[in-house]
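S.K.: Sequence order for the protein chains is A and B.
If you read the first sequence in the numbering used here, its first letter stands for residue 1, the second for the next number, and so on.
If you read the second sequence in the numbering used here, its first letter stands for residue 272, the second for the next number, and so on.
Calculated directly from the structure, the hints in this document are not laboratory data.
Some hints here could point you the wrong way.
Interface residues of chain B toward chain A, partial, derived using beta-carbon atoms under 7 Å [said to hold, decoys possible]:
no., residue
1, S341
2, M356
3, D360
4, L363
5, N365
6, D370
7, L376
8, T401
Cβ-Cβ distance ranges computed for the label pairs, FRET-style [claimed, not checked]:
no., chain 1, residue 1, chain 2, residue 2, range
9, B, K434, A, K131, 20 to 30 Å
10, B, R349, A, S2, 53 to 63 Å
11, B, N384, A, K131, 23 to 33 Å
12, B, K491, A, S181, 52 to 62 Å
13, A, L114, B, L483, 28 to 38 Å
BS3-like, lysine-lysine: derived pairs with alpha carbons at most 27 Å apart [unchecked claim]:
no., chain 1, residue 1, chain 2, residue 2
14, B, K431, A, K131
15, B, K393, A, K118
16, A, K118, B, K418
17, B, K327, A, K112
18, A, K112, B, K434
19, A, K23, A, K89
20, A, K118, B, K431
21, B, K434, B, K393
22, A, K131, B, K418
23, A, K131, B, K501
24, B, K491, A, K131
25, B, K343, B, K418
Just so you know, these numbers come straight off a predicted model, no measurement behind them.
Just so it is clear, CB atoms sit at the ideal spot from N, CA and C, and this is done for glycine as well.
Okay, here's what each chain looks like letter by letter:
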Amino acid sequence: MSINFDSDDEDFYGDMGSIGSVKFDRILTGTPHNTGSIPRGFTLLGYGNTGAGIDLFAKQFVSVAEDPENTILISTSETTSEILSVYKKYDWPTEIRVRTMGEEYNREVLTKELEASKYRIEGFTLSDIQKLAQTRFVDQQSHDFLTDLTTQVTSLGPYFRAAIDSLDFFYSRFDASRVTSMLRIMQAHAQRNRGLLLLTVSGDAVEKSTERELMAICDIVMEFEVGMRGSDFDTRMVIRRFRNSPENLAFITFRVTPEEAITPETVERVA
Amino acid sequence: MLGNASYERDRCITGIRGLDEILRGGIPYGSATLVAGTCGSGKTTLGMEFLMNGAKSGEACAHFSATEPSVKLLENIRQYSFFDMTTVDRGLINVFDMDVLFSWLGLDKSTFNLDDIDAMVKAITDIVNTIGVTRLVIDSVTSLCYKIPNEQLIRDFLFKLGKSLSTLGCTTLLIAEITSVGGTAHRSAFGVEEAIADGIIVLGDVERMGNLLRYLQVVKMRGTDHSRAKYALEITRSGVMLTPMLKWGVSQ
């Protein structure tokens, strides 16, 4: 099924979207003036060490929010208020859609686990037993967060912008091949709808074979690293893959400033 | 003197026609008896009739159903005239779906570890203790054992369960599914159930003059004398009926 794109939308969005920072866009395009550096339809992968700034980068990527209604940040580890405070801090638009799957999981699954733990330790009361004897069916309405995630992303319209931070949540709870298969569906949706989709994952969250599959799915692969230089933290992004633009492969050191969040400092081209 | 010949253990009268006579008065109280049988041999009916007879005399009974939904079990069993549905409504027979219990305990998984087994034993004994259950049927213990990864854990599970229930004075029938009852075949799916149980009752089929007849045989029952002969088992509208096998003649 082909998608008919509105000509006004085509003019408004253009062929390229911003990565979330004008300075990064300039580095990637190599020109001082640009309207974006990522071809629309691309899926990006940010992976690396905890504390290297991937979560902030995901928020910054989404903050571009060309159309806030068609922009979503799906977080698995932060609460809505935590995310909101970051957006306010950097004066980013707060009208975007935010979904906190980690919170939802805690509410639904952990509550059930806590209840089970209570029964296991404290035992059943008489009223529990009476209720148990009258319960004939198991509540099968268990929430499949992976299917829900896929449905959420594939329901976004043309030129959407979305970030999933992070895939660790899904890889630790679901079969890796199923997660990867769902990601292929989302990647295809982004490609067909000229959307921009950012996925994040920790370096040690997946097996090597899964990591290779993930890298094959994504059009741009960015590795985030953090180390020490003297008494300072040294953070850098390594662009390891950029589909059809190998000239963009680079080592970019960056810092986090109160005004611009993640900001590049030095660039070293690979190709 | 080796013992008091006049001492006899109290009996749980099963009320099943013929069985109490075979057991010289009933199952010794607090025993865990394995009722092992092939499919369609009458295990579930025998178990429900055992509970029903207890409920009729005001005993609290419990049935844990692991092989079929309790809704289906009750629909099937209420066709028998011995079964009175009001005993369920009045809480004399408490029917529990094992999958619901597993879900409540966070045990909705394919394999159990030692903690899970302990949780299951604790839950069953909790229920028995809280509502004062004196007759219990677990149908089937085989399907629970399938979730336990090795023989040692199965042994632990059955031993702990039997000991806890015995301490509470609960007479238990552990229904076990077997595929055949011929010659040297095991009387249980895993081989360990029969070693742990206080009693073993085998249900199966035997061919007589071209007919497939159900039979029951008490192989073992600690704490009582009993017949070890095979008895013809007939399932009638009014329940299970046992008659001596001899009247059916010899095999052709």
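S.K.: Confirm or reject each hint.
M.R.: Against the structure, the hints come out as follows:
no. : hint                          : result
1   : S341                          : holds, 6 Å
2   : M356                          : violated, 14 Å
3   : D360                          : violated, 10 Å
4   : L363                          : violated, 11 Å
5   : N365                          : holds, 4 Å
6   : D370                          : holds, 5 Å
7   : L376                          : holds, 5 Å
8   : T401                          : holds, 6 Å
9   : B/K434 <-> A/K131: 20 to 30 Å : holds, 28 Å
10  : B/R349 <-> A/S2: 53 to 63 Å   : holds, 60 Å
11  : B/N384 <-> A/K131: 23 to 33 Å : holds, 27 Å
12  : B/K491 <-> A/S181: 52 to 62 Å : holds, 53 Å
13  : A/L114 <-> B/L483: 28 to 38 Å : violated, 52 Å
14  : B/K431 <-> A/K131             : holds, 26 Å
15  : B/K393 <-> A/K118             : holds, 13 Å
16  : A/K118 <-> B/K418             : holds, 22 Å
17  : B/K327 <-> A/K112             : violated, 38 Å
18  : A/K112 <-> B/K434             : violated, 30 Å
19  : A/K23 <-> A/K89               : holds, 19 Å
20  : A/K118 <-> B/K431             : holds, 21 Å
21  : B/K434 <-> B/K393             : holds, 12 Å
22  : A/K131 <-> B/K418             : holds, 25 Å
23  : A/K131 <-> B/K501             : violated, 42 Å
24  : B/K491 <-> A/K131             : violated, 37 Å
25  : B/K343 <-> B/K418             : holds, 23 Å
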